[in-house]
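Visitor: First to last, the sequence lines map onto chains A and B.
Take the first sequence: its letter number 561 is residue 561 in full-length UniProt numbering, and every next letter is one higher.
Take the second sequence: its letter number 164 is residue 164 in full-length UniProt numbering, and every next letter is one higher.
Do not rely on the hints blindly, as some may be mistaken.
Copies of the same chain are indistinguishable here, so a pair counts whether it falls within one copy or spans any two.
Unchecked claim - Each computed SDA-like pair below joins lysine to any residue, with the alpha-carbon atoms no more than 20 Å apart:
#1 K458 - L102
#2 K587 - R29
#3 K580 - D222
#4 K362 - R271
#5 K458 - A302
#6 K580 - R157
#7 K145 - I214
#8 K433 - R255
#9 K338 - T4
#10 K418 - D466
#11 K145 - V101
#12 K145 - R157
#13 K433 - S471
#14 K362 - Q334
#15 K433 - S367
No lab work stands behind these hints, which were simulated from the structure alone.
There are 2 protein chains.
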Amino acid sequence: MMRTHGAGTLRSSDAGTTVTLAGWVARRRDHGGVAFLDLRDASGIAQVVVRDELLDSSGAHDLRNEYCVTVTGEVAPRPEGNANADLPTGEIEVTATSLDVLSTAAPLPFPIDDRVNVGEETRLRYRYLDLRRSGPGAALRLRSKVNRVARETLLDRDFVELETPTLTRSTPEGARDFLVPARLRPGSWYALPQSPQLFKQLLMVSGMERYFQIARCYRDEDFRADRQPEFTQLDVEMSFVDQDDIIELTETLLRNIWALIGVDVPTPFPRLTYAEAMDRYGSDKPDLRFGLELVELTSYFAETPFRVFQADYVGAVVMPGGGSQPRRTFDAWQEFAKQRGHRGLAYVTVAEDGTLGGPVAKNLSESEREGLVAAVGAKPGDCVFFAAGARSQAQALLGATRLEVARRGELIVEGDWKFCWVVDAPLFEPADKAVAAGDVAVGAGAWTAVHHAFTSPKPEFYDTFDTDPGSATAYAYDVVCNGNEIGGGSIRIHRRDIQERVFAVMGLTEEEARTKFGFLLDAFDFGPPPHGGIAFGWDRICMLLSGEESIREVIAFPKSGGGFDPLTEAPAPITAAQRKEAGVDAKPDVKGEKQAEKPAGQSAS
Amino acid sequence: MMRTHGAGTLRSSDAGTTVTLAGWVARRRDHGGVAFLDLRDASGIAQVVVRDELLDSSGAHDLRNEYCVTVTGEVAPRPEGNANADLPTGEIEVTATSLDVLSTAAPLPFPIDDRVNVGEETRLRYRYLDLRRSGPGAALRLRSKVNRVARETLLDRDFVELETPTLTRSTPEGARDFLVPARLRPGSWYALPQSPQLFKQLLMVSGMERYFQIARCYRDEDFRADRQPEFTQLDVEMSFVDQDDIIELTETLLRNIWALIGVDVPTPFPRLTYAEAMDRYGSDKPDLRFGLELVELTSYFAETPFRVFQADYVGAVVMPGGGSQPRRTFDAWQEFAKQRGHRGLAYVTVAEDGTLGGPVAKNLSESEREGLVAAVGAKPGDCVFFAAGARSQAQALLGATRLEVARRGELIVEGDWKFCWVVDAPLFEPADKAVAAGDVAVGAGAWTAVHHAFTSPKPEFYDTFDTDPGSATAYAYDVVCNGNEIGGGSIRIHRRDIQERVFAVMGLTEEEARTKFGFLLDAFDFGPPPHGGIAFGWDRICMLLSGEESIREVIAFPKSGGGFDPLTEAPAPITAAQRKEAGVDAKPDVKGEKQAEKPAGQSAS
């Protein structure tokens, strides 16, 4: 090693020791014939004192920020009054006796300083400089620790880490596949996996019993919001378990992970059914860091003269102190609702004397007005927002309103962590709803799976899920942290007959099911164990732990919008020769396929 | 959990305990109104005794092999004389009081029995049954342990586990890239990485200092021999190190890994220079489990009348006891040489009385004949094989002969492990040689890199490597185990000027270098640290540890020949809609590229 010590590890107890450090010049100040350098390496920063003569004799007179150097010198206490309490090494400095410039640095596109805002495209283009800043570097270092804790937790419970293929078969699971031409089978293509779902289920059939993988997954989605074309999930599957086993494992895992940032997560997490989460929070990923629960008013307004409230569902959420918002703010709330596809956001203000205001109030009956404040639990000075209509849409609007009320009211305490489970989600949803949300339906049917096609109905719906798909609930569970879905899983179907009936509900013909998923159905013929699992959004978990707002902050080389990497400039055009050789334009050779399918038989030894 | 105990964990100390087991029926024997089941789970096998009445009342009368069941019963010592010393659970049995069939099994395509040979295509098609066999399953479980030990070794030394992208830019590194069309940038393609080489170097520039990743890599090669289109390497990179640091780390890592199979690997490993390895063993990955070193006879035959030996190099390898091989065996040796591209394999036999035989002997001078036995160290009854010609080709033939002699003579002791380093390989080799070996040259020049284009010349060749490319040696090191290259690495170039000169030797124009590797060259402008690393062939290491002959045995779902997966039938034709949507047929939109390249600028906060 070109160093004896990490710069950031030096303490006053090292005084008198001769050390060799290696790292980067984070800062240079010249004063009285001496250069004071902040020398930065992976362990931290130390102050190095270099006499001008040494700089000159080392050919380092023009030493600038981000030059890479080694320095040898003696650790000494800083002179009286010069200690820096903000720095772990603030009591010492290193008096250089030799200095070597390992490499020089051109003028930087931006300073290596967390306090400087740099445009994202520039940060990514010079990601190797961005990561020298303490914040971005620390996020990746934390991620490595998260991996370690997760793996140790699982390995200590006899899990087996297994790698599944990434050159695999296209099996739509709700998003587009990335495709890879197969040169050796012209006309055929691999797909990059959206998740290892089918392989982990096959591993359960194989008797591996406890599988995990920190797995790269791929979805060719439009890069709205914070999506990356490749992302990582911690993927877990177990045999001979029920929902409680996966839940207990998850809680232990997340407890151990959050301990890394000094947070003691109480377990067990509260469990809400999907229906309860929607009724109380208007969300299937409720943020429990604050109250403001939805109040259902459907029966309260059963006889209402107000036509808008003559609906399948009426609910409300109270904004504490919201009664005094100016008119233009209420207009902004209307806009807020419209952006979410609603006609507006009805509201009533409660004056300090308890009288109701706002455009809706006068449409209510007198008894409705009288009882309202008590019915919704409002106080003088509050505002009550309403949504009415189809239950799930109205609740979703109230859920979004609830979050926005909390945000504007700064009701969320920094550093608070609230976990919960959402269980018993519907097994199916109408396919048009999924497609509207940007997903690709697996089959051509009127219904598609809410979780995925391999999720088991709860046993009490085994007989009826295909005759009444809208009523069946799934053996599915999502784990939610501060309003973020950080993991989701299910008990899987392990019976061929049930799997075939689920495919049928989703509109897959027998032949389609056989073509796309025949190998899974076949596997279920050979003593499949009951099994279930969960997948964690690893990027999102690391993002939350790092206190970041974007998963890009916890990915070493993320893509920017449109899937472009400003650093390597990927993707890029390919040559005609590459195109030809890869067989991009070949037609499938069906005969070749069939030959390779034929099993080669067995022989006893 | 649907069980209280693992079947394989039960011991006589558990007698009297009521247990619930879950697993598969590995065997059923019926005897006297009772069925004896071998119940198998991930922990092992236990014998379960089930009365016929219980089978009947459980609806399990037709219980067959590989049915998946749970059983509850009491652990009891086996009756006197019925213990099975071959089984860890052989002293007990479980007397079932209840039994549930969790799922049934159709007749199996092959028995779940390691002793039965099954064709590979069938094994892979039913991989979920193949992995129920103890050998295949154990190989994957061992691999998981290998991962754990490697990660712990590295994390304990402050390495950071970092994920690099797999949707990246095509940068030829000796093989074809797999390509992925970029739907959002029509006409542009991603490439799957052949290794994380460039990213790990950028991470060093970013100051991460110690990186590792168990990384999936991709090479679109013809599937000769034991190649897989996707494979795994343990990828390591460090800053501020020299070759000895990487060597010491590797030796610790491999020691810790081999300890998993109870092998104590002595360190340090012997180091051979490339030249020495070729001279003594005729191989750059010498198998040191046996001697049979090559003997150079170039000066011995300096004056020879035998025209074949009037060559740049003459060498020999002795086959102990080989003098008595029948004529047809010597013919087979000729064939052996011809298959390797040589004209034949000259040999001389040494009779028990010391006289020389074989067709070559009579061509030698009398003094050559007299001194030969002593010169090569042969004994009466031995055979001496010769190769003459260009040094490297002749040595390669002798190296192959040496291995074959050891194989035929059973000179390799089972369970012996011999590690070594091969260092100081040439920096460049003639490009035509690389292309003949199936590699793709990076540039159009007469020379290509032996290790890769980012490997540093040894400092003593900094000034001359481009004027005399054939003489420069590289700061490269390969670690070899029992004749297998299991890892290779190098100290990297971190100076832009040297990197540019290396590219030039390889025939890249300045513009080509800039287009393909500009981002790396740019990074070297900003204080790059000296760095180096190594990559381990993870599949091969796990294969060796498992005592297997093919890397397919340590991959959960390997591809068969031609990159085909007999289980999922990947790759498969895609639909016209998929093709259209993926933008496979689009022309590159060069303007779009340029726009995205433009940095977005910075602003101070």
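Visitor: Are the hints correct? Go through all of them and say.
Guide: Verification of the hints:
1. K458 - L102: Between copies only: 16 Å across, 64 Å inside.
2. K587 - R29: Answer is neither: 67 Å inside a copy and 54 Å across each miss the 20 Å cutoff.
3. K580 - D222: between (28 Å within a copy, 16 Å between copies)
4. K362 - R271: neither (40 Å within a copy, 92 Å between copies)
5. K458 - A302: Neither: 33 Å inside a chain and 86 Å across chains, both beyond 20 Å.
6. K580 - R157: neither (49 Å within a copy, 46 Å between copies)
7. K145 - I214: both (13 Å within a copy, 15 Å between copies)
8. K433 - R255: neither (35 Å within a copy, 57 Å between copies)
9. K338 - T4: neither (63 Å within a copy, 55 Å between copies)
10. K418 - D466: Neither. Shortest intra-copy (36 Å) and inter-copy (62 Å) distances fail the 20 Å Cα cut-off.
11. K145 - V101: Cα proximity of K145 and V101: none, with 33 Å in one copy and 42 Å across.
12. K145 - R157: both (19 Å within a copy, 13 Å between copies)
13. K433 - S471: within (16 Å within a copy, 68 Å between copies)
14. K362 - Q334: within (19 Å within a copy, 106 Å between copies)
15. K433 - S367: neither (38 Å within a copy, 94 Å between copies)
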